[in-house]
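Using the sequences and the accompanying hints, generate a full structural model.
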Amino acid sequence: ETERALAEEEAALGIDARHAEAHDLRGGLLAGRGRLDEAIGELRAAVEIAPDNVAFRVGLARVLVTARRFDDAGSEIQRALALQPDSPDAHAAAGALLLARGQLEPALTALQRALARRPDDDDVRLDLAGILERLGRRAEAQREYARLAAGSHTPAGIRRAAQERLR
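Numbers given in this note's numbering equal positions in the sequence shown, counted from 1, plus 234.
Simulated from the structure, these hints should not be mistaken for lab results. All figures in this text were calculated on a predicted structure; none of them were measured in a lab. For each residue, glycine too, the CB sits at the ideal point set by N, CA and C. Just to be clear, a hint being listed does not mean it is correct.
Unchecked claim - Simulated restraints, written as ranges between beta carbons of each label pair:
1) Pro319 - Ala241: 37 to 47 Å
2) Glu237 - Glu339: 37 to 47 Å
3) Arg371 - Glu235: 19 to 29 Å
What follows is the structure, given as structure tokens:
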């Protein structure tokens, strides 16, 4: 199915190589397949076409974090936050970068900023709970896990992960 989706995106790029969304989608598909260098190239192309698109910059930053290219990821996050200081996605990406660098307190702060802007982001809340746990703030972590485990709209995978941490 991913190969078919990639073929569709190839067709889209063939029609209009200046179509930023096609580059972005293709980059996401490539990243999902672990083809990080190719994904980064596609995502950079999307950002070059639409430099003010915060979502494209955040997507690129997330793949750069996965590729452990932390300085490049940090630059993209800074640009995204300069464009949209209240972007919950940019703050969440900053948290992911800081967590990958082992900077737990700053990561916690970034994720708290993301949640302040979008309180129903269960992925961010799960990451925040994990950081609280690693910082030894077990009671706070347990409250976050309990909230996720009890949430009627919490995705099943996140609910299961939270329930496991409550045991």
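Quiz item: Is 37 to 47 Å right for how far apart the beta carbons of Pro319 and Ala241 are?
Solution: holds, 39 Å
Practice problem: Take the C-beta atom of Arg371 and the C-beta atom of Glu235, compute their distance, and say whether it sits inside 19 to 29 Å. | Solution: Since Arg371 and Glu235 have Cβ atoms about 41 Å apart, the given range 19 to 29 Å is violated.
Practice problem: Note whether the CB distance of Glu237 and Glu339 lies within 37 to 47 Å or breaks it. | Solution: Since Glu237 and Glu339 have Cβ atoms about 43 Å apart, the given range 37 to 47 Å holds.
Consistency note: the structure conflicts with earlier hint 3 alone.
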